[in-house]
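Quick mapping for you: the protein sequence lines, in order, are chains L and P.
Counting from 1, position 29 in the first sequence corresponds to residue 29 in the UniProt record's numbering; the numbering is continuous, with no gaps.
Counting from 1, position 197 in the second sequence corresponds to residue 197 in the UniProt record's numbering; the numbering is continuous, with no gaps.
Mixed in with the good hints there might be a few duds.
Derived DEER-like restraints, expressed as beta-carbon distance ranges [unchecked claim]:
1. L/M1 x P/P126: 37 to 45 Å
2. P/V14 x L/A33: 58 to 66 Å
3. L/D152 x P/T35: 47 to 55 Å
4. P/A28 x L/R143: 27 to 35 Å
With the Cβ distance kept under 7 Å, some of the chain L side facing chain P (calculated, not the full set) [what the hints assert, rightly or not]:
5. R143
6. D146
7. L160
8. G193
9. V195
10. M212
According to the in silico footprint, chain P covers these stretches of chain L (three or more CB under 8 Å from chain P) [what the hints assert, rightly or not]:
11. 45 to 59
12. 123 to 130
Hints were generated in silico from the structure; no laboratory data involved.
We put the CB at the ideal spot given by N, CA and C, even for glycine.
2 protein chains.
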Amino acid sequence: MKISELSQRTGVPVASIKYFRRQGLLPAGRATAATLAEYGEEHVQRLRLIKALTTLGGLSIAATRDVLAAVDQADSTDGTLKAISYALPVPVAQAPAGDEERETEAEAAAEADAADLIAAMDWQVPDDSPHVHGLTTVLRELRRLDANYRLDRLAAYGELARSIARLDLERAADFDDSPALAEQAVIVLALSGPVLELLRRLAQEDQVRRRMEARESADS
Amino acid sequence: MKISELSQRTGVPVASIKYFRRQGLLPAGRATAATLAEYGEEHVQRLRLIKALTTLGGLSIAATRDVLAAVDQADSTDGTLKAISYALPVPVAQAPAGDEERETEAEAAAEADAADLIAAMDWQVPDDSPHVHGLTTVLRELRRLDANYRLDRLAAYGELARSIARLDLERAADFDDSPALAEQAVIVLALSGPVLELLRRLAQEDQVRRRMEARESADS
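Please construct the entire structure, taking both the sequences and the accompanying hints into account.
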């Protein structure tokens with residue numbers, strides 16, 4: 001198909017398709033003339049993946065390139081899962097800085113909390129994992145801001161996170177090392193976050209409404 | 001304290017403090033001269049909250065203003081929780097568009113799935129909730145991209161989301177309608193997402209590593 005049909009099929013504007021080409025996110029089409037290329041179903045699939053990662057997944061172009069490279073270099077199921085996991089952007093990568101001396105103390109306390117929590121969960125992850133760094137950052141801010149901060153409450157979140165990760169891997173790891181199925185893993189790992197966040201927000205909304213109704217009927 | 005000390009205490013540059021003032025996020029200090037103002041502990045606390053929402057929470061200035069307005073107009077615990085929940089930005093608000101006809105079909109199928117899932121969870125939420133709209137968007141993309149898409153698998157996420165929302169509200173709702181404690185609710189609701197996402201990513205990393213080790217010992 002021509003680039004115009006590729007655009008129509010995927011809803012991605014021609015200019016964006018050309019941009020993704022230049023950025024190395026999308027492979028070249030088969031050249032049919034000096035200025036014409038023929039695209040196939042693999043381009044449709046790849047463009048949909050790019051669109052999902054950059055819009056729903058919230059990935060930057062650079063992060064999308066890293067994730068797609070991990071997909072294309074898929075040598076083993078588990079190796080691919082690890083590469084994808086590390087290529088996906090970490091929330092709270094941007095660490096707000098404060099007063100320097102207080103900051104050092106707060107950082108040390110948050111590092112100790114992160115290590116305690118990870119040990120309590122029996123999670124075997126390297127100290128230099130970007131996720132350990134991210135957890136330290138968010139615990140530092142919670143320690144400062146959350147009047148009810150208690151590490152044991154966070155362990156309850158940890159147990160639920162473990163159950164969610166199991167569901168994620170069941171959906172993602174059900175593949176046999178082919179690139180098409182590595183794409184499946186990307187979709188699951190990148191989009192589980194937004195799905196879960198929305199379900200959590202819906203459950204919150206439901207529970208707040210039930211509290212309000214219970215209170216109103218108690219008042220009347 | 002002067003603005004320079006407020007900056008040092010919070011790690012927020014003076015220029016940013018002035019910007020937050022102009023944007024209506026931070027209340028004025030007590031004027032002590034034509035060009036001098038005196039700031040108090042309430043400004044330190046508010047600035048930390050602004051910093052947490054805009055960096056860790058990933059909120060825009062406009063969304064931060066909405067959330068702080070909900071905090072300041074806190075009239076009842078539950079009303080505040082609802083206002084905060086609606087003021088927080090919804091993931092995947094940006095809906096990627098595709099081929100128009102296919103899009104209409106896909107949208108209708110995703111709306112039906114979202115309604116089915118919400119009914120299966122017995123979540124009482126209005127149809128025009130931003131979270132219902134967000135869920136529809138992400139389900140539409142999952143239907144298109146996820147080869148293993150099954151609504152019953154998402155129901156398992158729904159059950160875990162319900163447990164997480166309970167933990168969130170236990171931490172957030174433990175307050176008596178005062179503005180200081182509405183701040184607590186904001187912190188919990190806005191920062192639970194990043195905390196949970198990091199814990200889920202750590203649990204994934206641990207489980208991938210265990211799979212790799214099990215496979216290596218099986219191979220040797």
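Violated hints, by number in ascending order, as checked against the structure
Failing hint: just 5.
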